[in-house]
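J.: Sequence:
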Amino acid sequence: MVDSAGVLAQPFMQRALLGGLLTGGLGGLLGSFAVLRQLSFFSDALGHSA
Numbered sequence: 030m031v032d033s034a035g036v037l038a039q040p041f042m043q044r045a046l047l048g049g050l051l052t053g054g055l056g057g058l059l060g061s062f063a064v065l066r067q068l069s070f071f072s073d074a075l076g077h078s079a
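Residue numbers (this note's numbering): 30 to 79.
Quick caveat, the hints were computed from the structure, so don't treat them as lab data. C-beta atoms are modelled at their ideal positions from N, C-alpha and C, and glycine is treated no differently. Warning: the hint list may mix true and false statements.
Stated by the list, open to error - Pairwise CB distance ranges (calculated): (1) 33 to 68: 35 to 45 Å; (2) 38 to 67: 38 to 48 Å; (3) 41 to 66: 30 to 40 Å; (4) 73 to 35: 39 to 49 Å; (5) 70 to 36: 32 to 42 Å; (6) 37 to 78: 38 to 48 Å; (7) 34 to 74: 38 to 48 Å; (8) 67 to 32: 40 to 50 Å; (9) 32 to 53: 23 to 33 Å.
Input sequences plus hints: build the corresponding full structure.
T.: Written as structure tokens, this is what we have:
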């Protein structure tokens, strides 16, 4: 079994985790903004870019 503390001790895994968290957070914010502003085509483009 893989030790999760050992995996997170590697710098590239730390950067990958940070990048994933930032991407997820920004995607949620952009998606909410697009829905609130009723930007349907922007929402469609955002979904296809992922």
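J.: Run every hint past the structure and note whether it holds.
T.: Quick rundown of the hints versus the structure:
no.	hint	result
1	33 to 68: 35 to 45 Å	holds, 39 Å
2	38 to 67: 38 to 48 Å	holds, 46 Å
3	41 to 66: 30 to 40 Å	holds, 37 Å
4	73 to 35: 39 to 49 Å	holds, 41 Å
5	70 to 36: 32 to 42 Å	holds, 40 Å
6	37 to 78: 38 to 48 Å	violated, 28 Å
7	34 to 74: 38 to 48 Å	holds, 39 Å
8	67 to 32: 40 to 50 Å	holds, 47 Å
9	32 to 53: 23 to 33 Å	holds, 24 Å
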